[in-house]
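Protein chains in written order, with this note's numbering: chain R, 1 to 451; chain C, 1 to 429.
Derived DEER-like restraints, expressed as beta-carbon distance ranges:
no.: 1; chain 1: C; residue 1: A82; chain 2: R; residue 2: P35; range: 22 to 30 Å
no.: 2; chain 1: C; residue 1: R66; chain 2: R; residue 2: G284; range: 45 to 53 Å
no.: 3; chain 1: C; residue 1: A27; chain 2: R; residue 2: R352; range: 41 to 49 Å
no.: 4; chain 1: C; residue 1: D283; chain 2: R; residue 2: R378; range: 21 to 29 Å
no.: 5; chain 1: R; residue 1: G211; chain 2: C; residue 2: Y87; range: 31 to 39 Å
no.: 6; chain 1: C; residue 1: A82; chain 2: R; residue 2: P25; range: 50 to 58 Å
no.: 7; chain 1: C; residue 1: D277; chain 2: R; residue 2: P245; range: 33 to 41 Å
no.: 8; chain 1: C; residue 1: A281; chain 2: R; residue 2: R352; range: 53 to 61 Å
no.: 9; chain 1: R; residue 1: R299; chain 2: C; residue 2: R66; range: 53 to 61 Å
no.: 10; chain 1: C; residue 1: G50; chain 2: R; residue 2: R285; range: 17 to 25 Å
no.: 11; chain 1: R; residue 1: E377; chain 2: C; residue 2: D283; range: 22 to 30 Å
Anything over 10 Å on all C-beta distances counts as not near chain R; from chain C, calculated:
no.: 12; residue: R66
no.: 13; residue: R143
no.: 14; residue: T148
no.: 15; residue: G175
no.: 16; residue: W189
no.: 17; residue: A208
no.: 18; residue: E239
no.: 19; residue: G251
no.: 20; residue: A293
no.: 21; residue: E367
no.: 22; residue: E426
Just some of the chain R residues that point at chain C, by a computed CB distance under 7 Å:
no.: 23; residue: P244
no.: 24; residue: E248
no.: 25; residue: N255
no.: 26; residue: G258
no.: 27; residue: T260
Just so you know, these hints were derived from the structure itself, not from any lab.
Here a beta-carbon is modelled for each residue, glycine too, at the ideal position from N, C-alpha and C.
If you want the building blocks of each chain, they are given just below.
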Amino acid sequence: MSADRYQALANSALGGAVVKRLGLPAPPRLDRHEPGMPVVTGPVVFGEARGGRLREAVHEVMRSIGARLVDAKTAGDGDDRPAALVFDATGIDSTQRLRALYDFFHPTIASLKRNGRVVVLTTPAIEADSVGAATAQRAIEGFARSVAKEIGRYGSTAQLVEVAAGGEGAMESTLRFLLSARSAYVDGQAIHIQAADSVTVPEDWERPLAGRSAAVTGAARGIGEAIAETLAGQGAEVLCIDVPPAGEALAEVANRIGGTSLALDITDAGAPQRLADHIGERGGRIDVFVHNAGITRDRTIARMPPEGWDGVLEVNLSAQERINGALLEGELLGDDGRIASVSSVSGIAGNRGQTNYATSKAGVIGMVRALAPVLRERRVTVNAVAPGFIETKMTEAMPVGTREAGRRMNSLIQGGQPVDVAETIAWLVSPASGGVNGNVVRVCGQQLLGA
Amino acid sequence: MSPDALNDAAVLGGNRIPFARRDREYAHASNQDMFTAALDGLVARFGLQGERLGEVAAGGVLKRSRDFNLTRECVLGSALAADTPAYDVQQACGTSLETTIHVANKIRLGQIESGIAGGFDTTSDAPIELNDDLRELLLDLNRTRSTTGRLALLGRLRPGQVVPAIPRNEEPRTGLSMGEHQAISTKRWGLTREEQDEIAVESHRRLAAAYDRGFFDDLVTPFLGLERDGNLRPDSSMEQLAKLKPVYGEGSDASMTAGNSTPLTDGAAAVLLSSDDWAEAHDLPVLAHFVDAETGAVDYVHGESGLLEAPLYAVPRMLERNRLTLQDFDFYEIHEAFASQVAMTLKAWQDPAFCKDKLGLNEPLGEIDREKLNVNGSSLAAGHPFGATGARIVATLAKLLAERGSGRGLISICAAGGMGVAAIMERRG
Ligand SMILES: NC(=O)c1ccc[n+]([C@@H]2O[C@H](COP(=O)([O-])OP(=O)(O)OC[C@H]3O[C@@H](n4cnc5c(N)ncnc54)[C@H](O)[C@@H]3O)[C@@H](O)[C@H]2O)c1
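Extracted from the complex, chain R is given alone in its bound form (with noise of 0.2 Å):
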C-alpha cells in the first residue's frame, strides 16, 4: 500500500478513535531511499566519551558517504539542522561515566531534523575490560531504545551498534544503514558486529550486489517480491522461487526484475535437491539465499488442527534447515557467502493464536544463531529479520480493529512497507556486511510488543 493511502487510513475516522484513545500523535511521514539520494541529508553531528575506541572508524565512513561533520556546539538551525547524531559510547567504563550520554543528546536531540538517525556505537558487554565497564555498556541499550521512543513521532530513529574488537574496519555498510533512508521502519535495534579480517568493498554503493546471485523463496508477492525486487535493483541476479500455483505471478516478477522463475514448494521431499541441481546447472553457486516464504494458520493451541501445526512449522522452519543443509553439503554457497531468513516480532514476542508460528519463528533465530558461528568459519554469514506490521495481503486481511492496534502499536505510529523488509536484507546480504553475522534485526518500528 502507498504511504498516501496509509496517510488516508490513518486519518479515517476508525483509525483516528485508536490515536486518540492511545494518545498516540499522528503518523509522521517516512522518507525511503530513492535512486541517487545521499545517505545523510544533512550535516552528522558526532560525539563521543572519551577513551573511545572508534573514533577514527567513524570518520573514515563519514568521509567515504561524503557526510559533513559538526561540532554540537556548531550544529544549525533550519535546513542546517543535523541528519544525524553518532556516539561513540565505547569509552565509557563505569557507570558514573554514562553521564557522557546525558551531556551529549540533552543539549542536542531536539536539533535533530525529521527523519533523523541516532546511532550510538558501544563495546560488546563480554568484551569489556571490566564489570563496571560490562554494566555500563549494556546500561546504553536501555538508554538508546528509549531515545527511539520518544523521537519516533518525528520519523526518527534510534539504534545501537555494538563492535567487537576487530570489527571497526567491518562497520561501513550498516551505518550507511542506518543513517539511511533505508532503513526508514528499523528502529530502536540493538547491531552486533564482529570481528572481520577484511570486508569487500563495492564499487558502487548503490549497487553492492553487481555480479551476486541470489534466491528468494516466497517470492511471488508480498514481503518477498519486494526482496527479489530490491535485490535486483542492487545488482544481484536473482532467482525466484514460489510454489507452483503461483506460477503466473512468480514469471511476472521475475520478467519484472530480470530475474529468472523456479516453481518449488519448498517443503517438498525433493525440494533440496531439486533447488541444488537446479543451482548447480544454472552457473554452479549461488551467493545469497534468503528464506522468505511463510505461511500462517492462527488458531490457540487447544483449537489447533494438527495439519496446522505441521503445515507451519514445515514451511517457516524445517524446510529452511533443509535447504541450507543441502546448500552448505553441495557447496553451493559462493564466497562470501549470505544467508537470510525472515523470522518475525511473534518469535520474540509470542503472540496469542499463534504458537504454531511463533514457535517457527523462534527456531528461525535458534537456527541463526546456531549456525551463525560455525558458518563464519567459511567467510559465509546467516542473519534474521523480524518484521512487525508489514503492509501486505497478509494483514489487509486482518480484521480492521486488531489491524489498525497493530499499525499504531510502535514508536513510528504506522505499518512498515514490504520494502523496508527488503532493504534491511539487501543490507544484511551484501558483501560489505561480513562483520554481521548471528544478527537477528527487527524491522518493526520498534513494536510495544517484545523486546
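Got chain R; can you put chain C with the ligand on it based on the hints?
Just chain C with the ligand, lined up with the frame of chain R:
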C-alpha cells in the same frame, strides 16, 4: 552438407499454460493473450528478458484474419527483446511440431543460435465468419457510392444472412468432421470400444500421476486461475467411460465417445531450442537433442487411406533414414487425437499385410512396449488446442529423456488434411 557437418539442435525446456476446455477458464482469452503468457513463462524460467533470439515460430489453426502476424505481436508484447523476429505457421494439429522442426533446422544449419517454437489455439474466442451472402452484400455496399444504390443493397438484407458461419472442424473436401473420418478407420481396423477406453483411462491416470509428482512444475505455468489441465479426470474409469454414448460412427459397433476423443480445447505452448554453444554460454542445461523429423500426407480424398493415417507412413520413412527400428526407442509419444488413432497406429505397424502392401516392408514394424507409450498421458487427458500440442509433446519428451539420463524418443502426430508429423529426439548418455 553432410549431417555430420551440422550443428546439434538442443531442446532446453518448455512452458505452456494449462489447457482449458472450450468456453471455460479461457473463454475470453485470445490466442495472443495465451501465447504471450506461454512465452513470458518461458522467458522467466530461463531469464531471457530483453534477449534477442534467432526467431520465434508459432501458429494456430483458428485465427482471425487480422491476426496475420500474431506470433510477432506476441513477441512484441512479451519480455523478449523486440528485435526478435517471428512468423506464423499453420499445419493443423502438427503446427507446433512443424515450427519446432523449422527452428531446429535453422539451428542445425547455423543460421540461428536460439529460438522458440510453439503454438496456440482457442476454440472459445474463435473467429466467426460472416455467411457468404452477407459477406458479398457488405462488400458490394462498400463498393457502391450512391445513397440510393446503398439503400437498395440494404433492402436485400435477409434475416438468414445474419447467421454467422461458425468454423467447424471438418474437412472441406469431404464435408466430414475429423471424428467422422476416424470412425470409418475405426470400423475398418476393427478397433474395439474397450481398447479405446483403456487408452483414455490410462492417459488420465498417467497425466494426473505426472502432475502429482511435480513433473510439470517446470513445464506448466498457471494462467487465469487454472493450475492443471481442465480436461484432466484423475479418477476416470472404464465403468464411467462405458456409460458414454458414441458420438462418431453409426451402428451397434460405433465406439468413439466424448471420453475417448479429445475435446475442443484452448491453450498455448512454447519450447526453447538452441545450439549447444548457446546453451553453454547461457548456463542452461540441454535436456535432449532434436535429431530428425518427417512430415507426411496421405490421399484420404481419392485413395483408401484414412484421414489420420499419414503418421503410419511418415514414421517408417524416418526410421529407415535413421537406420532405426521401431523398438529402438525408450519413449513413444503418439498424439491421442482419438484413442482410436493410437490403437490404429499400433495395429497397423504390427499388421504384416499393411506393412508389406502399404509400406513395402518385408517384416512388420512390430509391437511397441505400452509402458513406454505416452508415459505421462497425452491429449485425451490434457486436451488438444490444435496448434499447441506439438510443443507440449516436445517439451514433455525432452524432460523425460533428461530424467532418464539417456535414450531416444519418437513423436507421431496426426493432422487434419490427411497429414502427419513425426520426429526423433535423443539424449546421449
Ligand atoms: N506481513 C507481515 O506483517 C509479516 C510480519 C512478520 C513476518 N512476516 C513473514 O514474512 C514472510 C513473507 O510474508 P508475506 O506477508 O509477504 O506473506 P505472503 O503470504 O504475502 O507471501 C508468502 C509467499 O510465500 C509463498 N510460499 C508459501 N509456502 C511456500 C512453500 N511451501 N514453498 C514456496 N513458497 C511458499 C507463498 O506462495 C507466497 O507467495 C513470511 O515468512 C512471514 O511469516 C510477515
